[in-house]
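Peer 1: In case you want the letters, here they are:
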Amino acid sequence: MDIKDFIAPFAVWKRAFEKPFTVKKPIDERPGAPRYRGFHINDAQKCIGCGTCEAICMNKAIDLVPAAGYAAKEGDSGLRPRVDYGRCCWCALCVDVCPSGSLGMSNEYVWIDSDPEVFRYTPGVEAKPWDGSPLGYRRAEGYRLLEEQRVEMPELDYKEAVQTFLELVRGYSRQQAEKEADRCVSCGVCIASCPAHMDIPGYINAVREGDMQNGLRLLYETNPFPEACGRICTHRCEEACAIGTGGDPVAIRWLKRYIADQVELADYGKVLPRAEADSGKKIAVVGAGPGGLSAAYYLALLGHSVTVFEKDSEAGGMLRYGIPEYRLPYPALDKDIGYIESLGVKIERGTAVGSAVALAELRSRFDAVYLSTGLPAAYSLEVPGDKHPRVLDGVAVLAAATRGEPLGLGKRVAVVGGGNVAMDAARTALRNGAAVDILYRRRKEDMPADPDEIREAIAEGASLVEKAIPLEVRDAAGAIAGKQALFVWNEARMVQKEDGKRPVPEAIPGAVHEDPYDSIIAAIGQGPDLSFIGEADRLELRRFKPVVDGFGRIAEAAAGAAAEPGAPASASPSKAAAVFAGGDLVNDRKDAISAIADGHHAAQGIDRWLDRKGS
Amino acid sequence: MKRDRMPYIPPAERATPDLDSGKYLLMWQGPQHPGITGNMSLRLVIEGDTVVDCETHVGYLHRGFEKLMERRSWMQNFPLVCRIAVPEPDFNEYCYAAALEELSGIQIPEKAVWLRTFSLELMRLASYLMWIGGQAGSFGHGTIIQWSATMRDYVLDLFEELTGGRIYHMYIIPGGVRGDVPAGYFKHVLEVMDTVQKNLDDIELVMYHNAVFKLRAEGLGYIPPDWIDRYGITGPNARAAGIKRDLRKDLGYLAYPQLEFQPVVGSKSDAFERARLRLQEMYQCIDLIRQCIDLMPKEGPFRAKTPNPLYWKVPAGETYVAAECTRGEYGFYVVSDGSEKPRRVAVRGPSYTHAVSVMERLVRGVNIADVAGLMVSLHTYPPEIER
Amino acid sequence: MDFSTFDEALDLAIGREAAAVQFYTDLLALASFAAQKSVLEEFRAMETGHVTMLTNIRMRGRIELSATAAVDLALARRLDAEDKATAVMSFQDILVSAIKKEERAGDLYADLAAAASVPEVKEIFQRLAAEESRHRRYFEELYESEISRDN
Chain F
70 MDIKDFIAPF AVWKRAFEKP FTVKKPIDER PGAPRYRGFH INDAQKCIGC
120 GTCEAICMNK AIDLVPAAGY AAKEGDSGLR PRVDYGRCCW CALCVDVCPS
170 GSLGMSNEYV WIDSDPEVFR YTPGVEAKPW DGSPLGYRRA EGYRLLEEQR
220 VEMPELDYKE AVQTFLELVR GYSRQQAEKE ADRCVSCGVC IASCPAHMDI
270 PGYINAVREG DMQNGLRLLY ETNPFPEACG RICTHRCEEA CAIGTGGDPV
320 AIRWLKRYIA DQVELADYGK VLPRAEADSG KKIAVVGAGP GGLSAAYYLA
370 LLGHSVTVFE KDSEAGGMLR YGIPEYRLPY PALDKDIGYI ESLGVKIERG
420 TAVGSAVALA ELRSRFDAVY LSTGLPAAYS LEVPGDKHPR VLDGVAVLAA
470 ATRGEPLGLG KRVAVVGGGN VAMDAARTAL RNGAAVDILY RRRKEDMPAD
520 PDEIREAIAE GASLVEKAIP LEVRDAAGAI AGKQALFVWN EARMVQKEDG
570 KRPVPEAIPG AVHEDPYDSI IAAIGQGPDL SFIGEADRLE LRRFKPVVDG
620 FGRIAEAAAG AAAEPGAPAS ASPSKAAAVF AGGDLVNDRK DAISAIADGH
670 HAAQGIDRWL DRKGS
Chain B
202 MKRDRMPYIP PAERATPDLD SGKYLLMWQG PQHPGITGNM SLRLVIEGDT
252 VVDCETHVGY LHRGFEKLME RRSWMQNFPL VCRIAVPEPD FNEYCYAAAL
302 EELSGIQIPE KAVWLRTFSL ELMRLASYLM WIGGQAGSFG HGTIIQWSAT
352 MRDYVLDLFE ELTGGRIYHM YIIPGGVRGD VPAGYFKHVL EVMDTVQKNL
402 DDIELVMYHN AVFKLRAEGL GYIPPDWIDR YGITGPNARA AGIKRDLRKD
452 LGYLAYPQLE FQPVVGSKSD AFERARLRLQ EMYQCIDLIR QCIDLMPKEG
502 PFRAKTPNPL YWKVPAGETY VAAECTRGEY GFYVVSDGSE KPRRVAVRGP
552 SYTHAVSVME RLVRGVNIAD VAGLMVSLHT YPPEIER
Chain W
98 MDFSTFDEAL DLAIGREAAA VQFYTDLLAL ASFAAQKSVL EEFRAMETGH
148 VTMLTNIRMR GRIELSATAA VDLALARRLD AEDKATAVMS FQDILVSAIK
198 KEERAGDLYA DLAAAASVPE VKEIFQRLAA EESRHRRYFE ELYESEISRD
248 N
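Protein chains in written order, with the numbering used here: chain F, 70 to 684; chain B, 202 to 588; chain W, 98 to 248.
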């Protein structure tokens with residue numbers, strides 16, 4: 070102890086003359102730091118209600134609740150997160166994980182209220198003073214808890230691809246698939262967008278877990294064409310994907326393909342459900358496309374005996390005759406169909422209903438009939454000269470390619486149309502060594518084809534001519550008359566003629582072009598062939614579509630005076646079996662997955678109808 | 202664990218006062234919440250104003266963290282661990298994150314290494330500033346805590362600016378950190394460091410060159426060096442006994458091998474020596490923070506990619522990650538069975554050894570007025586005793 | 098050809114609509130399957146409705162048609178009208194015939210409006226032309242959504 074120990078403490082008396090550290094009104098004068106984790110804010114327009122915030126919250130402080138003004142729609146659950154400040158620990162993991170980046174926090178320090186209920190609120194829906202505040206905690210630049218980038222799908226080089234009909238997309242390896250599957254947050258927003266409502270988070274989780282058998286089982290619950298859909302599905306699910314709101318959507322389609330590719334057909338039976346005991350009912354399915362075979366599969370599982378009538382020599386419908394093998398190789402399709410056939414589904418190939426066997430006959434021989442005949446007839450260009458021998462129909466060209474017939478397209482080919490058939494026809498022509506122009510009436514962004522297909526077609530060397538209105542097809546002059554055709558088209562500009570409708574292409578006067586082509590492939594649209602339904606069948610049709618009820622059953626016209634008024638709808642007015650319909654023939658989406666969904670749905674409808682009839 | 206590995210205490214060392222004799226008074230200190238030491242309680246037997254016997258009672262603050270963690274996913278535990286030790290949560294965050302990274306084989310970016318080192322040193326400073334107020338207060342100096350709490354608030358402002366939180370920073374996330382420093386941040390840090398340093402000079406004058414403090418603290422709570430290993434005493438408590446043990450040097454984790462510093466070592470091993478040593482460490486913290494700012498890479502990613510937080514499965518295995526916190530060795534023993542949740546997480550907080558068994562021994566023969574000061578001189582936080 | 102009275106003008110229009118009903122009746126005779134018949138019957142019913150509407154207007158002596166012409170999608174003029182109706186006519190064939198028919202009717206009324214000297218009659222023809230343009234537009238939209246989906 071020395072003297073300093075007695076004197077030193079007095080040295081800090083100097084502090085009495087210094088400015089104090091404290092401030093008078095700390096709340097007023099000191100706002101939170103720009104990164105301060107205050108109260109939640111949510112851009113409710115940007116939020117899609119995926120609930121990833123709810124999933125990561127370790128305190129269960131977040132609940133997804135219906136929010137006024139936000140209805141469920143594709144890619145939006147219609148729910149919004151509600152935060153309970155009795156549970157929240159302000160860790161802001163919800164902000165970090167939010168796929169769309171809609172969540173944030175204000176830098177507010179204080180919120181005082183005498184009503185405890187207000188501290189449980191739905192940010193962005195219930196207005197708060199800090200809404201829209203630019204300050205407060207946000208996910209830092211360059212920091213994501215979720216992977217934004219999709220695992221790149223190995224593909225053939227386009228220069229190489231266009232030389233062959235080999236499959237362009239190579240498929241994921243196990244490591245790639247598991248990495249891609251790990252991007253999914255299992256929010257399930259995609260399920261509502263899938264026409265077949267497949268259990269997408271379920272099977273993606275199966276990939277993550279490496280449990281292919283469970284994955285396959287989940288796929289077959291709603292879709293007996295995983296190999297095909299894993300390659301060519303229009304993947305509306307990926308448009309709804311929550312991860313897609315802040316990065317690339319999860320490659321749901323490729324993961325489906327991965328599962329199906331991993332399991333050998335011989336092992337399918339060990340994994341998938343067995344058919345129920347024979348019901349004794351016989352059902353005819355017209356058309357062995359994805360829709361018809363999907364109905365056949367689910368009907369067979371229910372114990373019914375199913376016969377499928379197919380006009381072509383092979384089953385698969387548009388999957389086989391409409392989609393080229395570089396997108397969907399035949400062995401993959403055969404695997405899907407092979408499994409369905411292994412359940413005892415009989416496919417009468419080369420048997421056209423209408424000519425080989427009448428619909429009425431099917432209705433007397435079977436207990437129910439399902440029509441899934443699709444849209445086999447290409448519509449014509451409907452311009453003068455469209456009957457020229459060098460004007461071909463896109464569907465027919467693709468079918469001929471499938472059958473291995475020589476196409477004889479020549480060196481210079483025009484494809485008219487912007488749908489998937491047009492893209493497939495163009496790419497098939499490219500693979501046959503032709504130079505291809507795709508002429509479309511509107512703009513590239515209006516094209517109904519899958520964006521991937523457009524991208525790939527262009528990458529493979531097709532040139533896209535937008536805003537080209539077909540005017541006329543003329544025969545070439547001279548020696549090549551009949552062998553070449555002149556395609557006359559008018560350049561157009563897009564004009565917004567009416568508010569709220571899409572712009573209309575309008576011909577630019579004088580901007581008429583004339584190009585010679587060896588072949589002009591028309592792919593402007595396809596229609597049904599309903600010539601097999603006669604008036605005597607008394608099935609109700611409207612504008613070339615069967616009129617169906619919720620289960621796909623075609624309404625039947627009343628049988629004259631015999632029908633008793635107010636008779637229950639299920640009671641067939643005739644003795645003939647009820648007819649159901651689905652697929653492209655009926656629905657407006659006109660893709661394989663919708664047809665598959667219709668088939669599944671109709672199978673349940675038929676089963677219920679048969680039950681009701683039996684009792 | 203085998204019994205014979207527990208420290209041996211001969212029965213003779215513990216007094217058995219006859220409570221019925223009327224000579225003794227049974228008195229409870231705590232549990233209430235007068236800050237950091239009051240969450241536990243001491244059952245004191247006193248004779249006059251001298252403590253004859255003591256039993257430490259813990260369990261008043263048990264929140265069951267270790268068990269809770271077994272029910273939450275790996276990432277969900279990240280905001281949970283910081284709550285284990287309230288005054289210095291970052292060490293929990295670091296140990297947990299480092300354990301996960303080790304088990305998963307994740308290499309964190311250079312920038313994250315530096316930002317972690319930086320934030321841990323800043324945390325150490327804040328924690329010491331809180332301690333010094335408590336130490337002075339428990340010996341009757343009310344002024345020091347006014348100063349040090351202000352200084353701590355300045356440091357917490359820095360945390361707020363960097364991480365968005367003042368107490369629970371939740372900054373050291375598995376894979377790295379949650380954000381780079383904001384613009385102009387280090388300028389603020391250096392300003393605050395200057396202010397803190399100036400205040401520490403004042404505190405040294407008032408507190409350490411102070412007859413009252415010296416009289417009460419010198420010779421109080423002497424820890425013999427041979428207790429260090431027997432009781433698992435670590436950190437400043439061990440270093441004050443002359444044991445040169447500092448995990449920052451010994452383990453060389455994070456960026457510490459690149460920083461220039463020597464562990465502060467004492468010899469007298471009493472309350473004053475420990476306090477003196479901690480003050481020196483506070484200056485050392487300020488120095489290390491300045492070094493970090495100088496050496497830290499300016500650019501670069503601050504977080505490595507980690508698996509999807511909702512489905513992160515840490516490969517099966519176990520690890521023990523330790524770090525030198527203000528009070529000694531802080532460690533997380535993490536066991537994974539390869540699933541989405543930890544199989545077991547055990548937290549080794551230094552307060553467990555210091556506040557329970559060591560305290561019981563040291564308090565005998567001490568004046569009851571000095572019990573609180575003694576407890577603070579061991580720098581214990583009951584929250585981390587009860588995980 | 099000059100029409101000087103309201104009734105004369107409407108008689109012509111009613112005659113045109115009756116001819117349209119007959120047009121679909123003729124096609125119906127050719128139809129070979131149910132889908133064709135249902136569409137043709139639907140379109141014929143529309144034309145029958147027009148006959149009724151015009152007859153009512155003639156009775157009331159006042160034209161109650163909007164003067165706003167529909168937006169021209171410029172489809173009608175491009176479509177090839179050479180095709181003759183056949184038993185295998187598709188939905189496309191039927192729609193093209195319908196569009197062409199409405200277009201011809203609209204053109205006729207427009208010509209008559211131009212030629213008319215009596216202002217009242219001129220207005221009647223203008224309104225009838227506008228009415229036909231709306232019919233044409235209806236079929237054109239159907240064509241765009243159902244037939245030319247991919248182009």
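Just so you know, these hints were derived from the structure itself, not from any lab.
What you are looking at is a predicted structure, and each value in this text was computed from that prediction instead of being measured.
Possibly wrong hints are sitting among the right ones.
Below, in silico cross-link-like pairs of lysine-lysine (DSS-like), each with a Cα-Cα straight-line distance of 25 Å or less [to be verified]:
1. LYS514(B) <-> LYS248(F)
2. LYS388(B) <-> LYS312(B)
3. LYS129(F) <-> LYS499(B)
Pairwise CB distance ranges, derived in the manner of DEER restraints [said to hold, decoys possible]:
4. ASP488(B) <-> GLY147(F): 30 to 38 Å
5. ASP226(F) <-> GLU311(B): 54 to 62 Å
6. ASP488(B) <-> ASP184(F): 17 to 25 Å
7. TYR261(B) <-> ASP71(F): 55 to 63 Å
8. ASP184(F) <-> PRO502(B): 54 to 62 Å
9. THR183(W) <-> ALA429(F): 40 to 48 Å
10. ASP395(B) <-> GLU186(F): 41 to 49 Å
11. GLU186(F) <-> ILE368(B): 20 to 28 Å
12. SER163(W) <-> ASP544(F): 31 to 39 Å
Ideal Cβ positions, reconstructed from N, Cα and C, are used throughout, including at glycine.
Peer 1: Run the distance test for LYS388(B) versus LYS312(B): straight-line Cα separation, threshold 25 Å.
Peer 2: Holds, at about 18 Å.
Peer 1: Could you see if the CB distance from ASP184(F) to PRO502(B) stays within 54 to 62 Å?
Peer 2: 45 Å, violated
Peer 1: Could you see if the CB distance from ASP488(B) to ASP184(F) stays within 17 to 25 Å?
Peer 2: For ASP488(B) and ASP184(F) the Cβ distance comes to about 51 Å; the hint is violated.
Peer 1: For ASP395(B) and GLU186(F), compare the CB-CB distance with the range 41 to 49 Å and indicate the outcome.
Peer 2: 47 Å, holds
Peer 1: Could you say whether the range 20 to 28 Å given as a hint is met by the Cβ separation of GLU186(F) and ILE368(B)?
Peer 2: 27 Å, holds
Peer 1: So does THR183(W) sit 40 to 48 Å from ALA429(F), Cβ to Cβ?
Peer 2: Given about 24 Å between the Cβ atoms, the range is violated.
Peer 1: Taking 25 Å as the top limit, are the C-alpha atoms of LYS129(F) and LYS499(B) close enough?
Peer 2: 38 Å, violated
Peer 1: So the hint says 30 to 38 Å: do the beta-carbon atoms of ASP488(B) and GLY147(F) match that?
Peer 2: 57 Å, violated
Peer 1: Per the hint of 31 to 39 Å, is the separation of the Cβ atoms of SER163(W) and ASP544(F) within bounds?
Peer 2: 45 Å, violated
Peer 1: Can you tell me whether the CB distance of ASP226(F) to GLU311(B) sits inside 54 to 62 Å?
Peer 2: Roughly 37 Å apart at Cβ, these two residues miss the hinted range, so it is violated.
Peer 1: Within a Cα-Cα threshold of 25 Å, do LYS514(B) and LYS248(F) meet the stated pairing?
Peer 2: 13 Å, holds
Peer 1: Is 55 to 63 Å respected by the C-beta to C-beta distance linking TYR261(B) and ASP71(F)?
Peer 2: 43 Å, violated
The structure shown violates the earlier hints numbered 3, 4, 5, 6, 7, 8, 9 and 12.
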